[in-house]
Each structure stands twice: as structure tokens, then as C-alpha cells.
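Residue numbers (this note's numbering), protein chains in the order written: chain A, 9 to 102; chain B, 6 to 217.
These aren't lab readings, by the way, just hints derived from the structure by calculation.
Since this is a predicted model, take the numbers as computed values, not measurements.
No false leads were slipped in.
Computed list of lysine-lysine pairs in DSSO-like fashion (alpha-carbon distance at most 27 Å, straight line):
id: 1; chain 1: B; residue 1: 43; chain 2: A; residue 2: 12
id: 2; chain 1: A; residue 1: 99; chain 2: A; residue 2: 12
id: 3; chain 1: A; residue 1: 12; chain 2: B; residue 2: 39
Pairwise CB distance ranges (calculated):
id: 4; chain 1: B; residue 1: 213; chain 2: A; residue 2: 61; range: 33 to 43 Å
id: 5; chain 1: B; residue 1: 66; chain 2: A; residue 2: 27; range: 17 to 27 Å
id: 6; chain 1: A; residue 1: 58; chain 2: B; residue 2: 27; range: 24 to 34 Å
id: 7; chain 1: B; residue 1: 23; chain 2: A; residue 2: 60; range: 20 to 30 Å
id: 8; chain 1: A; residue 1: 83; chain 2: B; residue 2: 213; range: 23 to 33 Å
id: 9; chain 1: A; residue 1: 15; chain 2: B; residue 2: 205; range: 12 to 22 Å
id: 10; chain 1: A; residue 1: 60; chain 2: B; residue 2: 188; range: 26 to 36 Å
Built from N, CA and C at the ideal position, the CB exists for glycine as well.
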Amino acid sequence: MKAKWWIIGLAVALLLAIISPIASSFPDGLEKVAQDHEFAEKAGTSPFSVMSNYIFPGIENEALATVLAGVLGTIILFSLGFGIASILKSKNEA
Amino acid sequence: MHLPDGFISVPVAATTGVIAVTAIAVAVRVTNKKIGEKQVPMMGVLAAFIFAAQMLNFPVAGGTSGHFVGAALAAILLGPWTAVLIMSSVLVVQCVIFQDGGLLALGANITNMAIVSVFISYYIYKGIYLMFGKSRTGLLAGAGIGAWFSVVFAALACAFELVISGTSPWEIAIPAMGGIHMIIGVGEALITVAVLSLVMATRSDLLKLQVT
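Between the sequences and the hints, there should be enough to build the whole structure, so can you do that?
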């Protein structure tokens, strides 16, 4: 049986999350501009932390912690996107 | 280009917050009216893919990195209003769970990456697609050019917010943010075209799910 297309799509997303430790750690465009033009220090820190910097808490291996955070986030967003779409669809059928 | 708290002023945060809430409300209404069975898994997959792809920063010039945004891809596959919902979902989760993007800056981040980038890319894409007589070339050219502009305009919107917040003067913020994102935008264009080519080659029926 051929796998449903969206299962393949989700698998690709999970694969990207798994390889996320290879991402460049250079500052991104905005961070770089902020550093070069001396307003980076204005950045506030969040009053709370769930998985700051895409690090799953309590795991020593940083790459593994990043993978776990990425996989969890990917699953959360799949569920959220699927969930919102399902709710909006069922409402328009009612 | 996720703005942290502290870079934008309270009036800018409040104004962009109102813009974000209004756009999301309209997006819910439009999507609610038009969405069907086939769009449901696509919305899930796009949200998941865009989140994961955004983690993969790629190096660009001068010790800087950029990452995929995904607004153009979402707008082309599901139409602009549904794309607003997808991009907003990604930004809310990044902000609340991963502390990427400030809580007070959430409205500004949604304005830049879920509204400005979505509509800029969608209309540029649509214009080019129609100009090319709805051909395969037109679709991919429109997607690539639309994706490039989506990143550049999101960066300019971000720079504009920094300027009116008094964080950075316009003669620095606008060229610096615009310039680096003109390079990052090339990555956005390449990824968007690659994903759409793959969809076109394997499941071209999925290119007909736009909710407009």
C-alpha cells in the first residue's frame, strides 16, 4: 500500500528536526544587525522558559536536547495545524 | 528575524498586536467558509514542515545566518488567509514554548512574518503566474520571486518597527536589514521552488488546494 502523502510530508518535517543540530550557529540577520549597530543589549529575556533556544530541559547532550525539542515542536505544530483545520472544516459543514 | 522583547516600543507592540489579532480573525472567517477535507492534512504538514525548516539556519555572508520563513510556500499551497493561520501558529508556538521571539513582540513578529510576507509573496506569485498563462514555469518563477520579496519585505517591516521604536535610526536599520535579507531571501526562493517542484513532480493535485 502506498503511504498517504501527508505521512511522507510529516516524516520529512521530522527528519529536518532530527538534523537540526547541523544548523549554523551564526547570528541571524536581525541579531547580526543588532550586534553590529549596538542595540543587541536591548533584547529582553523571557520571564519564563519552557524550552529556550530549542533545548529540551534536563538533557546534558546538547545535540540530543535540540533534536528532542525539534521533534516535539514539529509534532505540536502538526497537531495544531491539523486541529485548527479540522475545527474550521467541521464548523463550515454544520 | 524574530524580534525579542525590548527592541520595539510599547506603542509599536500594541499597534502590531491589534493588526495581528484583526488579521487572524479575518483569516479564521475566510478559512472557515472555504476549507474542505483535503486541506486539513496539508495545514498540519505545512505547519510542521515550516517549524522544522525554520530551525535549520544556513550560513550566509559575513558570519551571519538565515533561515527559511515559509510564508510564500504556505500562501501558494493554501492561499493567503490560511497561510496567515499557519504562520501565526508557528510563531505563537515558537514564542510560548521555545522563547524564540518576545511575548510582547509577538504581534510585530506575526505582522512581519505571517501577514506582510504572506500577502507580498502571494500577490507577486499570482501576478507572475497569470502573466505566464498559468504554466509550470510561471508557477515556479512566481514562487521564487514572491519568496524572495516575502523575506525582504518582512525584514523591511521589522526595520521600520525598529526605527519608529527609536531602537535604530532609519539610515542604519533599513539598509542593514534590507541588505542582509536580500541575500537570505535567495535561500528562501531556492527552498520554496525546490519544495514546489517536488510536489509538482509527485502529487501535482496538491497544488490545487488554495483557499481564497
